[in-house]
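Participant: In order, the protein sequence lines correspond to chains Z and R.
For the record, in the first sequence the residue sitting at position 29 is 28 according to numbering that gives the first Met the number 0, with numbers rising by one throughout.
For the record, in the second sequence the residue sitting at position 132 is 131 according to numbering that gives the first Met the number 0, with numbers rising by one throughout.
Read the hints as simulated data drawn from the structure, not as lab findings.
Cβ atoms here follow ideal geometry from the backbone N, Cα and C, with glycine treated the same way.
Across the chosen pairs, the derived CB separations fall in these ranges: (1) R:Glu72 / Z:Ala38: 31 to 41 Å; (2) Z:Glu73 / R:Arg301: 28 to 38 Å; (3) R:Gly100 / Z:Glu73: 28 to 38 Å.
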Amino acid sequence: MSWRPALSRYARLRHCPVRDSTLLVVPERIVVLSTEAAAIVALCDGTRTVPEIATRFPPEGADDVVGFLADLKEHGWLR
Amino acid sequence: MAAVNPPWAMLAELTHGCPLRCPYCSNPLELTFREQELTTDQWLDVLAQAGDLGVAHVHLSGGEPLLRRDLAEIVAGAARAGIYAQLVTSGLGLTRERLAGLTAAGLPSVQLSVQGADAASSELIAGRRSFAAKERAAALVREAGLPLGLNVVLHRLNLEDIDAIVDLGIAWGAVRIELANTQFYGWALANRAALMPTRDQLDRAREAVERRRRRTDTELVWVVPDYFDGVAKPCMGGWGAVSLTVAPDGRVLPCPAAYDLPLDLPNVRDHGLAWIWNDSAAFRAYRGTDWLPEPCASCPRRETDFGGCRCQAFALTGDAGRTDPACALSPDHGLVTDLTARRDGDLAYRASAPR
Chain Z
0 MSWRPALSRY ARLRHCPVRD STLLVVPERI VVLSTEAAAI VALCDGTRTV
50 PEIATRFPPE GADDVVGFLA DLKEHGWLR
Chain R
0 MAAVNPPWAM LAELTHGCPL RCPYCSNPLE LTFREQELTT DQWLDVLAQA
50 GDLGVAHVHL SGGEPLLRRD LAEIVAGAAR AGIYAQLVTS GLGLTRERLA
100 GLTAAGLPSV QLSVQGADAA SSELIAGRRS FAAKERAAAL VREAGLPLGL
150 NVVLHRLNLE DIDAIVDLGI AWGAVRIELA NTQFYGWALA NRAALMPTRD
200 QLDRAREAVE RRRRRTDTEL VWVVPDYFDG VAKPCMGGWG AVSLTVAPDG
250 RVLPCPAAYD LPLDLPNVRD HGLAWIWNDS AAFRAYRGTD WLPEPCASCP
300 RRETDFGGCR CQAFALTGDA GRTDPACALS PDHGLVTDLT ARRDGDLAYR
350 ASAPR
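Extracted from the complex, chain Z is given alone in its bound form (with noise of 0.2 Å):
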């Protein structure tokens, strides 16, 4: 697949100090983002194909990978 998943132009990725957590923010939504979700969509900018953001990871979570970035493509916050 030749997709390079990158964050959608109204998506914002931010860390926020107070709760020493990074959030993914998009309309009406925020979502907290386990340390692991935060590192999978850092690596979202648009140069790296799907496996090659899983590469980065433990092979065994790699479907977790996959599947994270298919779920986030699918509510239009990944292109």
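Guided by the hints, dock chain R onto chain Z, whose structure is given.
Facilitator: Just chain R now, kept in the frame of chain Z:
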């Protein structure tokens, strides 16, 4: 009491001025004078403080926020503070140039109000010619590549038009349509009998929403008519728990409907936002569950709805500390069931904001 969690969201009522005169307006009957509004610098300071406090979302609303000539500066202030901004607008006054300035300042999304599915029904509620301007505004937002949300307040005069409203939203390119049953505060409270739907209208509207949800990717949000459901809505996710509202003149409210409550409302002109959120008497008044009366105190839903809406308890019983009468378990629930049967036809349009 346990440590107070930081707020997630802020509603910034930048002005109470508005070109529309919707009888369901949630602004208070006593509108803030334009000359009492916070200055640009004061709003920028409020946004910086809000970001520091943990606010992640701000709705730039009103009234009509486009009436503020410094709106792009305010948008830039939200972006600098790391706060995601949504412009909540009637669409009147939105030009291509104006929108370009706002997007350049960092505006990521727009929510547009529409009052009905066509010009005649929309303008009957808006009180002036406005439908064509809204259609243009929707096209401009899409052209700018911003996600468009549509919000439609529902009541007796448009509840039967759900299909046409959803069709309109899809045609205008909305990613999200908020179908918000009228909440009876402010001008809507004054117009309650004229806006009150019938149970039959609500049942059919709810069916239409369910049917359309199965056939569209557009997100359809249904804001419940709590007078009819017998279940209280969670008061803002808890009083002083999730969000705050800043009025045009700097007063800070735990809820946009709280203007009339017997609270000493703190003002950003006098206090820091952190003190207001954490320590002010107004924000502590109904925070948590310790203050709950019966039947709420022993209710399994107490952490779900926090006794319901304080502003509704006050509006209907005169005591903001009572159980929300919308709850079927409230000793005052009869007030609500009586009101759902009371209907008349006269709409009173909201006033213009005084200079």
